[in-house]
Amino acid sequence: MNQQQWNEGLDHMDEDLLRNYLTAKDQYVHKRRNRQRFFHVAAAAACLCLIVGVLLLVQHYRNNIPQIGNYKRIQLTGNTLGESVSSYITQDTAIVNEAKENLPTQLPIYKITPRKITSKEFQAMKERLGLPDSDSPLFGVEKDRNKVDGRFTYYATGTFTMSEEELEALAWETFHKLSFLEGDYTYYGIRGEDTISAYDGEIVTSVLVSFYRQLDGVRVIGNDRCDMWFNDDGLVEIHIALYDYKQIGTMDLIPLENATSRIKTPDAFSLEGSLNSAVETLRVDRINLVLVNQHSNDCTILQPVYNFIGTAIGNNETEVGFSSKIIAIPESYTYEAD
Amino acid sequence: MELHRKHGARSALSDEAIISLYWDGDRKAITETDFKYGKYLYTIIYNILHDKLDCEECLNDAYLGAWNAMPPARPQVLKAFLVTISRRIAIKRYHKLRQKGAVPSEMTVALAEVEDFIAENSSAEEAFDAKQLGQIISRFVRSLPQRQRYIFISRYYAAEPIDTIAKELALSLSMIHKELAAIRTALKETLESEGYSV
Chain C
1 MNQQQWNEGL
11 DHMDEDLLRN
21 YLTAKDQYVH
31 KRRNRQRFFH
41 VAAAAACLCL
51 IVGVLLLVQH
61 YRNNIPQIGN
71 YKRIQLTGNT
81 LGESVSSYIT
91 QDTAIVNEAK
101 ENLPTQLPIY
111 KITPRKITSK
121 EFQAMKERLG
131 LPDSDSPLFG
141 VEKDRNKVDG
151 RFTYYATGTF
161 TMSEEELEAL
171 AWETFHKLSF
181 LEGDYTYYGI
191 RGEDTISAYD
201 GEIVTSVLVS
211 FYRQLDGVRV
221 IGNDRCDMWF
231 NDDGLVEIHI
241 ALYDYKQIGT
251 MDLIPLENAT
261 SRIKTPDAFS
271 LEGSLNSAVE
281 TLRVDRINLV
291 LVNQHSNDCT
301 ILQPVYNFIG
311 TAIGNNETEV
321 GFSSKIIAIP
331 ESYTYEAD
Chain S
339 MELHRKHGAR
349 SALSDEAIIS
359 LYWDGDRKAI
369 TETDFKYGKY
379 LYTIIYNILH
389 DKLDCEECLN
399 DAYLGAWNAM
409 PPARPQVLKA
419 FLVTISRRIA
429 IKRYHKLRQK
439 GAVPSEMTVA
449 LAEVEDFIAE
459 NSSAEEAFDA
469 KQLGQIISRF
479 VRSLPQRQRY
489 IFISRYYAAE
499 PIDTIAKELA
509 LSLSMIHKEL
519 AAIRTALKET
529 LESEGYSV
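As you go down the protein sequences, you meet chains C and S in turn.
For the first sequence, the numbering used here gives the first residue as 1, with consecutive numbering after it.
For the second sequence, the numbering used here gives the first residue as 339, with consecutive numbering after it.
Simulated from the structure, these hints should not be mistaken for lab results.
Positions of the beta carbon are idealized from the N, C-alpha and C atoms, including for glycine.
Hints may be right or wrong, so weigh each one.
Okay, the calculated bits of chain S under chain C, using three or more residues with CB under 8 Å as the criterion [said to hold, decoys possible]:
| no. | region |
| --- | --- |
| 1 | 367 to 375 |
| 2 | 513 to 519 |
Using 30 Å as the maximum straight-line C-alpha spacing, the simulated BS3-like pairs for lysine-lysine come out as follows [what the hints assert, rightly or not]:
| no. | chain 1 | residue 1 | chain 2 | residue 2 |
| --- | --- | --- | --- | --- |
| 3 | C | K126 | C | K72 |
| 4 | C | K31 | S | K469 |
| 5 | C | K120 | C | K147 |
| 6 | S | K374 | C | K25 |
| 7 | C | K264 | S | K430 |
| 8 | C | K72 | S | K505 |
| 9 | S | K505 | S | K516 |
| 10 | C | K147 | C | K111 |
| 11 | C | K147 | S | K505 |
| 12 | S | K430 | C | K25 |
| 13 | S | K438 | C | K264 |
| 14 | C | K25 | C | K177 |
| 15 | S | K438 | C | K25 |
| 16 | C | K264 | C | K100 |
| 17 | C | K116 | C | K72 |
| 18 | S | K366 | C | K100 |
| 19 | C | K25 | S | K377 |
With beta-carbon atoms standing in for the labels, derived distance ranges [claimed, not checked]:
| no. | chain 1 | residue 1 | chain 2 | residue 2 | range |
| --- | --- | --- | --- | --- | --- |
| 20 | S | E530 | C | D144 | 39 to 49 Å |
| 21 | S | Q486 | C | S296 | 31 to 41 Å |
| 22 | C | E173 | S | A411 | 51 to 61 Å |
| 23 | C | I190 | S | Q473 | 46 to 56 Å |
| 24 | S | E451 | C | V96 | 40 to 50 Å |
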């Protein structure tokens with residue numbers, strides 16, 4: 001083989017390798033510029049240091065400089081490409097982006113700390129909700145550091161006939177009795193239901209509603225949870241996990257444009273129904289950012305994820321909803337899990 | 339290499355908007371492409387040819403190539419599309435110039451690094467399939483760890499100088515040389531196992 005043939009071979013290298021290279025290059029160049037900018041700031045800070053002392057400078061440094069490369073990367077699960085979804089999404093699948101969102105290019109870096117629920121807070125919660133002590137092996141409520149889990153009736157008993165308004169009012173009433181829930185929470189609505197099959201059809205016995213924590217208007221998902229099950233008698237189950245978030249810096253996000261180019265090869269992908277054919281078009285209706293808390297996997301900071309939501313249209317014109325998730329924190333901030 | 343181009347305070351159009359200009363047959367497409375990607379494309383070509391006039395001609399040819407390709411092409415990632423066109427044009431010119439004499443560019447240095455298993459001017463009588471070699475290279479690149487993958491493409495595809503790669507990755511020059519040596523050893527084995535020889 002000669003040099004010309006070698007170069008021709010390189011020209012036929014798979015395009016995705018080149019795309020990934022260019023994306024990585026943008027990030028490295030950006031990181032390098034940030035590094036250079038950092039040195040300018042550091043020089044100025046050094047002068048300041050003469051006035052305010054070395055100690056304050058170090059404190060400033062520790063508090064404000066992102067720990068590049070030090071964070072364990074989150075892992076998204078679900079139907080990822082390469083598994084079942086690869087049979088749906090093909091090279092011919094077209095992307096139609098109708099989303100108009102204007103998303104931030106930077107987000108704060110939030111350090112995650114489990115927020116311990118004290119015995120006093122737990123006792124107050126039980127009194128406010130009128131919950132009995134956990135003396136039954138089946139029912140009761142328990143606390144474990146930053147978590148509260150409780151169940152108060154059998155799965156198959158009860159009925160649920162409330163209107164959505166009544167349910168939301170009841171959910172908020174319950175929420176306000178939990179004094180340890182601090183910060184900005186949003187009512188998500190019904191996320192699931194328990195049913196039993198009766199002779200005349202399915203009967204809903206209880207429904208699951210969730211509240212989501214929000215930071216700077218961005219929803220936190222993952223370990224942070226506030227889930228409540230209700231039936232017509234009231235609260236029947238509760239699951240809470242509390243975390244504190246402290247801002248320790250600011251991170252860049254991978255450009256939305258780069259993420260958009262990866263809709264077909266995302267970190268996680270799910271279809272809301274089944275298509276009996278390959279996907280002809282993925283129509284993106286909206287894009288949002290979520291922050292993922294995977295503290296139990298040693299991921300110590302919240303990590304942003306782009307969520308592309310829309311409609312997958314099959315060859316046979318069947319339509320189902322889809323969600324394509326792409327991790328938005330640049331790889332330069334993170335290291336991969338073992 | 340330093341390039342100084344002043345464009346005033348305005349921001350670049352999105353790739354989608356630039357592609358639409360090409361599709362509408364609007365000449366502004368080339369101005370906008372040059373504004374957004376001209377500097378990087380020039381760098382890629384310069385690494386290969388190392389001559390200002392040749393670079394400018396190649397860049398013009400690349401823009402013309404993009405103009406002729408869109409439509410019908412509607413690239414997913416415009417930058418990658420333009421880089422591919424620019425590199426092909428520059429490489430073609432590079433090999434023409436090499437036949438006449440030495441080309442003092444980074445590409446020449448990068449090619450010299452692989453002369454162990456890629457000959458400068460072997461007579462390639464046997465049938466050669468560039469696509470097949472492209473597949474072998476792609477598989478090889480995928481088998482590399484992320485950092486080596488980046489170094490390989492930087493050095494042998496984009497002909498980036500070693501010190502540029504070192505600065506981008508915040509690594510020492512010796513570390514990059516070490517990584518490149520490891521890549522070349524693995525590449526040689528791969529190519530030989532696939533039946534490619536000097």
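Comparing the hints with the structure gives:
1. Only when three residues or more bring their CB closer than 8 Å to a CB of chain C does the claim for the region 367 to 375 of chain S stand; here the count is 0, and the claim is violated.
2. Given as covered by chain C, the region 513 to 519 of chain S fails the check, having 0 residues with a CB less than 8 Å from a CB of that chain where 3 are the minimum.
3. A hinted pair counts as satisfied when its Cα atoms are at most 30 Å apart, and K126(C) with K72(C) does not qualify at roughly 37 Å.
4. For the hint pairing K31(C) with K469(S), the CA-to-CA distance comes to about 35 Å; that exceeds 30 Å, so the pair is violated.
5. Distance restraint check for K120(C) and K147(C): the Cα-Cα separation of roughly 14 Å lies within the 30 Å cut-off, and the hinted pair is therefore satisfied.
6. As the CA atoms of K374(S) and K25(C) are separated by approximately 16 Å, the hinted pair is consistent with the 30 Å bound.
7. Proximity of K264(C) to K430(S) is assessed by CA-CA distance (about 33 Å); at most 30 Å being required, the pair is judged violated.
8. Under the criterion of a C-alpha separation no larger than 30 Å, the hint pairing K72(C) with K505(S) is consistent with the structure, at around 24 Å.
9. Distance restraint check for K505(S) and K516(S): the Cα-Cα separation of roughly 15 Å lies within the 30 Å cut-off, and the hinted pair is therefore satisfied.
10. Between K147(C) and K111(C) the alpha-carbon distance is near 19 Å, which keeps this suggested pair within the 30 Å criterion.
11. For the hint linking K147(C) to K505(S), the alpha-carbon distance of about 46 Å lies beyond 30 Å, and the restraint is violated.
12. Under the criterion of a C-alpha separation no larger than 30 Å, the hint pairing K430(S) with K25(C) is consistent with the structure, at around 25 Å.
13. Between the alpha carbons of K438(S) and K264(C) the distance comes to roughly 46 Å, so the proposed pair goes past 30 Å and is violated.
14. Distance restraint check for K25(C) and K177(C): the Cα-Cα separation of roughly 51 Å exceeds the 30 Å cut-off, and the hinted pair is therefore not satisfied.
15. For the proposed pair K438(S) and K25(C), the alpha carbon gap of about 34 Å is over 30 Å, so the pair is violated.
16. Proposed proximity of K264(C) and K100(C) is supported: the alpha carbons are some 19 Å apart, at most 30 Å.
17. For the suggested pair K116(C) and K72(C), the alpha carbons sit about 23 Å apart, so the restraint of at most 30 Å is met.
18. Of the supplied pair hints, the one linking K366(S) and K100(C) holds, its CA atoms being roughly 24 Å apart against a limit of 30 Å.
19. Between K25(C) and K377(S), the direct Cα distance comes to roughly 14 Å. Compliance with the 30 Å bound is thereby established for this hinted pair.
20. At about 59 Å, the beta-carbon gap between E530(S) and D144(C) misses the expected band of 39 to 49 Å.
21. Separation of Q486(S) from S296(C) is about 32 Å and conforms to the stated range, judged on CB atoms against 31 to 41 Å.
22. Our hint of 51 to 61 Å for E173(C) and A411(S) holds, since their Cβ atoms are close to 59 Å apart.
23. For I190(C) and Q473(S), the Cβ-Cβ distance of about 50 Å falls inside the hinted range of 46 to 56 Å, so the restraint holds.
24. At about 45 Å, the CB distance of E451(S) to V96(C) agrees with the hint of 40 to 50 Å.
Violated hints, in rising order: 1, 2, 3, 4, 7, 11, 13, 14, 15, 20; the structure is consistent with all others.
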